[in-house]
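Novice: Chain residues, written in single-letter form:
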Amino acid sequence: MGRCLHAERIPLAHVSVNVVGLQFVETVGDLLKSSMDVYTQLLPVETVKTLQRLCLLGLVSLFEGRRDWMVHDRLLVLLKVDILKDLMTRVRQDLHTFHGDRCVRGCHVVSIRRRLVVQHGGTPVVDVVGAVP
Amino acid sequence: MLKKGWWGLECVAHGVVVVFQMCEQWGDEDASVRDELILTAISLLDGGNSRVQAVFSRLMKRRPKEFIGELVAYMTEVATMVEAVPSLKVGTSASTANNGPSMDVALLNDAASTMSGVSVTNSTARGFAAAVEASFEAGLPEPPWEAATNLYRLLQVLVEGHYLPLQNFFREFASGRAAMVRARSGSSAAASLGGVGVSVVSAACEFLESLAPRLASSDAAELCAQVLDTLIELVQGPCHENQLTLINNKVRLCG
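Here the protein sequences come in this chain order: A and B. Under the numbering used here, the first residue of the first sequence is numbered 1, with each subsequent residue one higher. Under the numbering used here, the first residue of the second sequence is numbered 1, with each subsequent residue one higher.
It is worth saying that the hints were derived from the structure and are not from the lab. Glycine included, every Cβ here is placed at the ideal spot set by N, Cα and C. Any given hint might turn out to be false.
[What the hints assert, rightly or not] To be clear about the criterion: a stretch of chain A counts as covered by chain B if any three or more of its residues have a C-beta under 8 Å from a C-beta of chain B, and this derived list gives those stretches:
1. 34-41
2. 49-59
3. 65-79
[As the list claims (entries may be wrong)] Below 20 Å or equal to it, Euclidean Cα-Cα: the simulated EDC-like pairs (lysine to aspartate or glutamate) are:
4. K85/A to D37/A
5. K49/A to E222/B
6. K49/A to D229/B
7. K49/A to D86/A
8. K49/A to D37/A
9. K49/A to D219/B
[Said to hold, decoys possible] Interface residues of chain A toward chain B, partial, derived using beta-carbon atoms under 7 Å:
10. L22
11. F24
12. T27
13. D30
14. L31
15. L62
16. H96
With the rest of the complex left out, here is chain B (with noise of 0.2 Å):
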């Protein structure tokens, strides 16, 4: 028992040096702090951790700005570089034909022309994967996978077990670093933003329309699988608002 006391206390305590450290450090040039500090806190929350979670809770709230500020631009940042991988315009929606250079079926097929393939699926596929590769041949930088999937993974380990504050926390604050991130790197989503607030619901739900034509190889498509689970483990429980933005649409005026 007293063990157990101690070891709840031990991870409170880390818990705080950690969201310290990544309040502090979060917007550092060097990303491997960064990404150290995320597979801490993944650690940390692992399997449900309800002490930690409250505990990273009650320090976001106090440093909201810092803290989801950040983390919304870094989401922002990987997925303006994802954007920028050829797309794969396979949806009938017009979400798949949003932003970013998304290639045609038929200039797929033509790139795809010089290989042997069997059926028109498969020669899309092939001309796809061919135009992604060529692009990163080109010296388009390749995003950041795995760094990517350890941070959603954190955002659902921090909700895990349907943890009802950080749930709605990650709707209702919304930071204007998104915008700020899109308009520097030339996005043309930064239009559709309008320098309006995002929140981390938005962002990880606006990178799944981003990443989804573009899955190119397995590590996108593991990054793919984490942020869905993480949409999942933020409406679960079930939180009926998260529920709505994602099937909401909204009216907004601008001036």
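Chain A extracted, bound-state conformation (with noise of 0.2 Å):
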């Protein structure tokens, strides 16, 4: 007790340093990325599809109840955004495909008035987005 915490300090010259870390966001990054083009080869797609769904359900459970902004940066050091865009892009690509013009259109109508509603009192805007052709 009392002991100077100083005198007890060990000089950086004699030990090394390593950063030890859990690759947690890279490694959903990777797979998420790999899940987009090898493993769709490799594996069947109901498959690649769960791993995408728990890929981005343990990134989303990172932020879960925080009230900082620390996993957010992290994240955006960490993660390579590029790879949920493709990720995105593929699925409206998918729904557009599956459903045909007519669902696609109907989400961003049902989105676009949701908007309007919180942000304009209900008051309709048209070029808010742009999105409805």
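Hints are included, so try docking the two chains, each in its own frame, into the full complex.
Specialist: Printed below as a string of structure tokens:
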């Protein structure tokens, strides 16, 4: 008790410094990337979709209940956002291919209407997103 | 009401027996006993039985070295077997190139050149699958996919329903057994561990790093999905410390 902590400090010259970290975010990013190209050739479609869903759920779980920006900042550094963008583009493309133009337009209309109600108290603004053809 | 109470008691009693059996026989040579115990424990805990979780938690905390030590050692043993499988170096980060016999994409393309690959992706995938198959045919032991899936399922149901005491315990209690197993198997990751203790959360995350570039079969993919499920369950609730554990790098001084 009462000892000076500085007296016991180890000089850094005599020790090696290891950066030890769990690369969860990088791994999930890599898994997402490979699930969009190589693993689609090796694994059943349902399995690949499950993996993608779990990867995204894992990333979202990191944000759960947080009121600081720590996880957000780290994720921006560690994750390649292009992968998420590609994934979302594919999801949109699949939706379009599967349902045709009708459902995609319907989704956009619903989302824009909701946003209008929130932002402008229901006043219709035509050029909010410009997604409706 | 009475029936429900008896059922709860019965579950708790079974939980006690199973945990004690697991502690006693975890390190046993006979893997079938261990697998049966894991399946029994999953049945007891399935659906988030908080009473049995509480019993498991109390007993594990009473004998952490036996239970967590053996658990982490087994996880590391499976991870070492998985690392021996050829990997697919597709990632851009350093995580996939950490250890093990990873194969270059060019090498995989060469291996696939004998097959009729249409695109680069297709030939890479075929080359990777061929390399993995060849390694198993050459005598490389196939990792116990199903047993490992059951093990990670057990970890998931232990913290199902965001059971915070075990979420914290799996992060806080670090065992040095993992480093011993890695050193014994001559794995390159032994150096990075440096004899430092490894918690269940860390071991699961490292296992995911090893497994992610090696999904050549549906069994491996199923195991990967289960590991992801387990890690999700470990951070949900939310468990803020587990969230930070997964995203933070630590600077460690070694003498």
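Novice: For each hint, tell me whether it holds in the structure or not.
Specialist: Quick rundown of the hints versus the structure:
1. 34-41: holds (count 6)
2. 49-59: holds (count 6)
3. 65-79: As far as the segment 65-79 of chain A goes, the hint holds, because 7 residues have Cβ atoms under 8 Å from chain B.
4. K85/A to D37/A: holds (15 Å)
5. K49/A to E222/B: holds (12 Å)
6. K49/A to D229/B: Holds - the C-alpha atoms of D229/B and K49/A are around 14 Å apart, at most 20 Å.
7. K49/A to D86/A: Holds - the C-alpha atoms of D86/A and K49/A are around 14 Å apart, at most 20 Å.
8. K49/A to D37/A: Holds, because 12 Å separates the two Cα atoms, which is no more than 20 Å.
9. K49/A to D219/B: Holds. K49/A to D219/B sits at ~15 Å (cutoff 20 Å).
10. L22: The hint holds - L22/A has a Cβ within 7 Å of chain B, the shortest such distance being about 4 Å.
11. F24: With Cβ-Cβ at 4 Å, under 7 Å, it holds.
12. T27: holds (5 Å)
13. D30: holds (3 Å)
14. L31: Constraint on L31/A satisfied, holds at 5 Å.
15. L62: It holds, given that the least Cβ distance between L62/A and chain B is near 5 Å, below 7 Å.
16. H96: This interface hint is violated because 22 Å lies over the 7 Å limit.
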